[in-house]
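Q: So you can see what is in the structure, the chains are spelled out below.
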Amino acid sequence: MQRLRGVRPVKLTTNERWDLVDAIAERTVTVGTYRQTIGDILGELTVKPATGIPVAVAVLYAFWSIFGSFAGTLVTDGFMVRLFDDHWLPWLQAAWPGPDSLLYYLAVGDPLAETCFEAFGMLTSGLFVAIGVVLPAVLIFYLMMTLLEDSGYLPRLAVLMDTVLHRIGLHGYAIIPAILGLGCNVPAVTATRILETRKQRFMMMTLLAIFIPCGAQLGVMRDVIPDLVGPVMLYLICGFGIFGFVLDRIIPGENPEILIDVPPYHWPAWENVARKLWTRTKGFLKEAVPFVLFGVLLVNLLYLAGVIGALADLFEPLFVTWFGVPKETVGPLIAAFLRKDLAVAQLSTIAMTPYQMITSVVLISIYFPCVATFVMMLREGWKQMLAAVGVLFAVVFVYGGLIHAAGILMGVA
Amino acid sequence: MNEPIDTGTTVLMVGNPNVGKSALFNRLTGANAVVSNYPGTTVDYTEGTLIEAHRTCTIIDVPGTYSLTPRDAAEEVAVRLLGEYPGAVVLLVLDATRIERGLYLALEVIERGVPCIIALNMTDAAHDKHISVDAAEMERVLGIPVIETTAISGEGVKQLAGMIRNAKAADISAISGRLNGDGAAEEMVALRSGCSGCGVCGR
Amino acid sequence: MRKKLSELAFGETGVVTEILASGRELNCMGLRKGKGLKMVTKQPIKGPVVVLIGEVEIAMGIRMAEQVTVETG
Ligand SMILES: Nc1nc2c(ncn2[C@@H]2O[C@H](COP(=O)(O)OP(=O)(O)OP(=O)(O)O)[C@@H](O)[C@H]2O)c(=O)[nH]1
Ligand SMILES: [Mg+2]
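Residue numbers (the numbering used here), protein chains in the order written: chain A, -5 to 407; chain B, 21 to 223; chain C, 18 to 90.
The reader is advised that the hints may include incorrect statements.
[Stated by the list, open to error] Below, simulated DSS-like cross-link-like pairs (lysine-lysine); rule was C-alpha separation at most 27 Å, straight line:
1) 55(C) / 5(A)
2) 50(C) / 63(C)
3) 55(C) / 21(C)
4) 20(C) / 63(C)
5) 149(B) / 20(C)
6) 50(C) / 149(B)
[What the hints assert, rightly or not] If you anchor each label on the Cβ, the simulated ranges turn out as follows:
7) 156(B) / 263(A): 41 to 47 Å
8) 51(B) / 50(C): 49 to 55 Å
9) 30(A) / 100(B): 37 to 43 Å
10) 104(B) / 161(A): 49 to 55 Å
11) 68(A) / 150(B): 28 to 34 Å
12) 51(B) / 308(A): 47 to 53 Å
13) 383(A) / 37(C): 48 to 54 Å
14) 347(A) / 37(C): 33 to 39 Å
Hints in this document: simulated from the structure, not taken from any laboratory. Where is the CB? At the ideal position from N, CA and C, for every residue including glycine.
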């Protein structure tokens, strides 16, 4: 008779185990005739290079244009800007007592500002960036990402991207953390666990933290510097490639090839889509919004205390001579510790040339992960995290200089 | 023999990637684990609670793995969890359309001598593909409960929850014995003794 | 005819006769000796191959595909 526990453990060899599996399957499974479905045909078409690559380009293009037109044009420009600039800001400026007080400065900001971006108070810029710009952006981004995840397209995209990514020591499945990272870097850091070796995980985590902008940052970029998003992304993608290539040569370890399951397509269940959308949006409201508001507060306090002015003077040589951007960029860089979206918004209020704007947005993206990502990286191991930060500083210095050099060569810097 | 498992049991959900473990986990516990159609969605574990017939048990959603020799860091988590909870019940989740490799991992777990129960998930997809799996026969051969489920619609989840306390450790040599037909069917007594006879499972 | 898996043409089918290295990894994903398979696609410039084994579709690197011998025809 069997007892509940205490059945003696045995260890079969692989072959013995498979023999047993075959015997059990033979007893229990009957496979009828099967006709190919539309899903199977689509599955083949989207993974074959001749048809799959055009489809991949179309999917990514559609992704970006829906993101821009829904989040940017429709919600932010069409509704939120009016709501915040024409009603909320003037009302707050009039209603909040004592335009000279510290509290007014922190909460409302500039009493004469005409847009919520310029005012830079917690309740003006802070709320506008968080709710008016970033919320619609992450909402539509997550919706589309969920559809990609649930349909079964991602593994096929991974197969198509493998040839390129394998050249820089990763493999196609690194596309999973990369795409998750375009939504938010935090879950993407943990998702690097699907890569096989420490080397690949470290590389992906570092490249992710440096070169992959999150959905919130993309949303603000699309809103405040729509024409410059292209060049910024180009610089980031090139950086990913260049430094991936370099890291692959420097870091010891193996680069195993891709080996994944390609699941059949199926229709996303709306229940699951809604549930994921809600969980992720709730996460954003609970975790990101307070950080944005706190970021505004902190930057304002540091300005008042003269810290940012002092830092700007201290780093002026590095910024002006090496990177070729105004020294005022120091302020947004500090905000970027907390939230990159806030930093880009702040940057847009500083007067500079398009070239300088591109460089400084790239710098904001690459110079340090936001605090939430940083904590996640720490969870994956502090040694790796320290090494990643080391790589990061080297990359910022080298790549920032390279971009400046490129600008000088092109005659725009 | 077959004493019911006490309250406070820990249940580990183990299976190949993308077989619907997290979907089933959400159904069992009402949790919000991420469910996506690609292997490797879950890379860390999530805990949830199932209350069934006045007993509570802790259910842990484990990253998917193809074998107990881990290939990547997510699979390492799965294997580590099995080591960390030696007394846990293992809920083996199999994809009914890809039975063979699910069974391979299942046997690897069964060999460890831990109490197991099998959820045969994706029965809807198997039906669409004209694949039929004889759950009753599998249960007889393996000597552990096998319950058919469809995690996306919730079918079979109730029965599964009710059967968790009947999880049993199986003996490999007895399994091969039954496969070779030396009538060891009497071992099957009381496999479902904990069943309240509600009739839902139809057996 | 015996061939490496990597040499199969699109749509060609075969039966696995031998797996050299990394056998275990392929094994537990369902690709093993005696199993019939079909080449779904090969990516250009030494990219990965995608094969169908029963209900299971697996993408693997070209070097791994070179380790697998199949009998065709
Ligand atoms: N047709 C069908 N689809 C299902 C069923 N259960 C889950 N799915 C789908 O299968 C996919 C994978 O589900 P998950 O729950 O994420 O799988 P998992 O086992 O947790 O996967 P990993 O976390 O990667 O190990 C999702 O797209 C689900 O919607 C089912 O019973 N029938
Ligand atoms: Mg899961």
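Q: Decide, hint by hint, whether the structure agrees.
A: Here's how the hints hold up against the structure:
1. 55(C) / 5(A): 33 Å, violated
2. 50(C) / 63(C): 24 Å, holds
3. 55(C) / 21(C): Given pair residue 55(C), residue 21(C) holds - Cα atoms ~13 Å apart, limit 27 Å.
4. 20(C) / 63(C): Since the Cα atoms of residue 20(C) and residue 63(C) sit roughly 17 Å apart, the hinted pair holds (cutoff 27 Å).
5. 149(B) / 20(C): It is violated: about 31 Å lies between the C-alpha atoms, which goes past 27 Å.
6. 50(C) / 149(B): 25 Å, holds
7. 156(B) / 263(A): 41 to 47 Å: Hint violated: Cβ distance 29 Å, outside 41 to 47 Å.
8. 51(B) / 50(C): 49 to 55 Å: 41 Å, violated
9. 30(A) / 100(B): 37 to 43 Å: 41 Å, holds
10. 104(B) / 161(A): 49 to 55 Å: 39 Å, violated
11. 68(A) / 150(B): 28 to 34 Å: Distance hint for residue 68(A), residue 150(B) is violated at roughly 46 Å.
12. 51(B) / 308(A): 47 to 53 Å: Holds, since residue 51(B) and residue 308(A) (Cβ atoms, about 49 Å apart) stay within the stated range.
13. 383(A) / 37(C): 48 to 54 Å: 41 Å, violated
14. 347(A) / 37(C): 33 to 39 Å: With Cβ atoms ~59 Å apart, the hint is violated.
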